[in-house]
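Participant: Residue 392 is where the sequence shown starts when you use my numbering, and the numbers rise one by one after that.
These are calculated hints, taken from the structure and not from any lab test.
Errors might be hidden in some of the hints.
What the hints assert, rightly or not - In silico BS3-like pairs for lysine-lysine, Cα to Cα no more than 30 angstroms straight-line: (1) Lys565 to Lys581; (2) Lys616 to Lys632; (3) Lys651 to Lys581; (4) Lys524 to Lys565; (5) Lys616 to Lys568; (6) Lys651 to Lys513; (7) Lys524 to Lys632; (8) Lys632 to Lys568; (9) Lys651 to Lys616; (10) Lys581 to Lys632; (11) Lys616 to Lys513; (12) Lys651 to Lys524; (13) Lys513 to Lys565; (14) Lys581 to Lys568; (15) Lys581 to Lys513; (16) Lys524 to Lys568; (17) Lys513 to Lys524; (18) Lys616 to Lys581; (19) Lys513 to Lys568.
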Amino acid sequence: MLKARPSARHGCTLKLHREEVSGEVSITQLQPQSPEKLPIDRDGTALAISNSTLGVAAHSPHRTDRGGARNRADRESRELSAAHVGNLIDAARHADAIGLPLNRMITIHWEAAGLLLEDMAKATGRFTGLMAKALQRHGSQTAWLWVHEGGEREGGHCHMLAHVPADLVPVVRKLQKGWLGRITDSPYRKDVICSKPIGGRLGIEASNPDLYAANLNTVLEYVLKGASQEATSHYGLTRLKAGGCVIGKRCGTSQNIGAKARSIARP
Numbered sequence: 392m393l394k395a396r397p398s399a400r401h402g403c404t405l406k407l408h409r410e411e412v413s414g415e416v417s418i419t420q421l422q423p424q425s426p427e428k429l430p431i432d433r434d435g436t437a438l439a440i441s442n443s444t445l446g447v448a449a450h451s452p453h454r455t456d457r458g459g460a461r462n463r464a465d466r467e468s469r470e471l472s473a474a475h476v477g478n479l480i481d482a483a484r485h486a487d488a489i490g491l492p493l494n495r496m497i498t499i500h501w502e503a504a505g506l507l508l509e510d511m512a513k514a515t516g517r518f519t520g521l522m523a524k525a526l527q528r529h530g531s532q533t534a535w536l537w538v539h540e541g542g543e544r545e546g547g548h549c550h551m552l553a554h555v556p557a558d559l560v561p562v563v564r565k566l567q568k569g570w571l572g573r574i575t576d577s578p579y580r581k582d583v584i585c586s587k588p589i590g591g592r593l594g595i596e597a598s599n600p601d602l603y604a605a606n607l608n609t610v611l612e613y614v615l616k617g618a619s620q621e622a623t624s625h626y627g628l629t630r631l632k633a634g635g636c637v638i639g640k641r642c643g644t645s646q647n648i649g650a651k652a653r654s655i656a657r658p
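Model the full assembly from the supplied sequences, consistent with the hints where possible.
Facilitator: And the structure:
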C-alpha cells in the first residue's frame, strides 16, 4: 500500500493489475466524452478500477460529531493536505486490519445530479448513512472513505472506497438509485453513479489478497490525485491532477476507521 504516515465522468472501465493466469485488471484513464449540459467525466471510477472524518459511524448512521473552524460548511479548498492524505491512507489500512477491507469504488456526480457544490458534503453523508443502515439490516458492518473533487468539466463529485460484502452487493446496487432520488429530490439521471469492485471481481480480497492489495493501492492513489505538493512529496504519490474547488468538507472516513478508532486500537 502507499507509504503510511511516519508514526505508529463516468467511465466504468477498469484497468486491473493483470495476473498471468487470471488476466485481471487495475483502473486506467478513459478519454473524456462531452455530453450536453453538465458533463460527467468518464475517467472517474472506471479509471481507477470514485483528513477529517465524516463523523458518521459505519454501524451507527445517525451519529455525528461537531465540526469546527476547519470544517465549516462554507470553507473552500482546492487540494488535499498532507494531513488529509495521511489520514486516508491510515484509514484504508485500518479497514483491512478490522476485517472490513475497502473492496468497492463508488463515484457519485453530485452536481450532475442537480446539487449545488456546497451541498455535496451533506449529500455524501446521507448516502453513507443509508448504505450503512441497509447493510446493518442484513447483519453487516461497513467502512468507507471519500474525497470530493470539483471541476468545470465534470462538476462536483465524490470518489468513495467502501466495504460491501460480496453477497450484499446486489442489495446496495438495487437501492442506490433510490437513495440518490431521495437525497436530490429529483428523478435519477443516468450515469450519476458508477460502482465497481476493486480488482474487477467480487470477493477478490479473500480469493487473491495480493492482487486485491495491488489494485487497492492503485485506486487509493487515484482518489488521492488532488493532493498538495507537500503531500505528494511526503507520501510518494505519482498520479497528480488538480482536484478543483470544493466547498465544505473535502474528505472523510467512517468513524470505525477514523483517527480516534485507530488510536484506541493501537497497542
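Participant: For every hint, state whether the structure bears it out.
Facilitator: Hints, verified against the model:
{"no.": "1", "hint": "Lys565 to Lys581", "in the structure": "holds (14 angstroms)"}
{"no.": "2", "hint": "Lys616 to Lys632", "in the structure": "holds (5 angstroms)"}
{"no.": "3", "hint": "Lys651 to Lys581", "in the structure": "violated (38 angstroms)"}
{"no.": "4", "hint": "Lys524 to Lys565", "in the structure": "holds (14 angstroms)"}
{"no.": "5", "hint": "Lys616 to Lys568", "in the structure": "holds (27 angstroms)"}
{"no.": "6", "hint": "Lys651 to Lys513", "in the structure": "holds (22 angstroms)"}
{"no.": "7", "hint": "Lys524 to Lys632", "in the structure": "violated (34 angstroms)"}
{"no.": "8", "hint": "Lys632 to Lys568", "in the structure": "holds (29 angstroms)"}
{"no.": "9", "hint": "Lys651 to Lys616", "in the structure": "holds (25 angstroms)"}
{"no.": "10", "hint": "Lys581 to Lys632", "in the structure": "holds (26 angstroms)"}
{"no.": "11", "hint": "Lys616 to Lys513", "in the structure": "holds (23 angstroms)"}
{"no.": "12", "hint": "Lys651 to Lys524", "in the structure": "holds (22 angstroms)"}
{"no.": "13", "hint": "Lys513 to Lys565", "in the structure": "holds (22 angstroms)"}
{"no.": "14", "hint": "Lys581 to Lys568", "in the structure": "holds (10 angstroms)"}
{"no.": "15", "hint": "Lys581 to Lys513", "in the structure": "holds (22 angstroms)"}
{"no.": "16", "hint": "Lys524 to Lys568", "in the structure": "holds (15 angstroms)"}
{"no.": "17", "hint": "Lys513 to Lys524", "in the structure": "holds (17 angstroms)"}
{"no.": "18", "hint": "Lys616 to Lys581", "in the structure": "holds (26 angstroms)"}
{"no.": "19", "hint": "Lys513 to Lys568", "in the structure": "holds (17 angstroms)"}
Consistency with the previously given hints fails for numbers 3, 7, ordered from lowest to highest.
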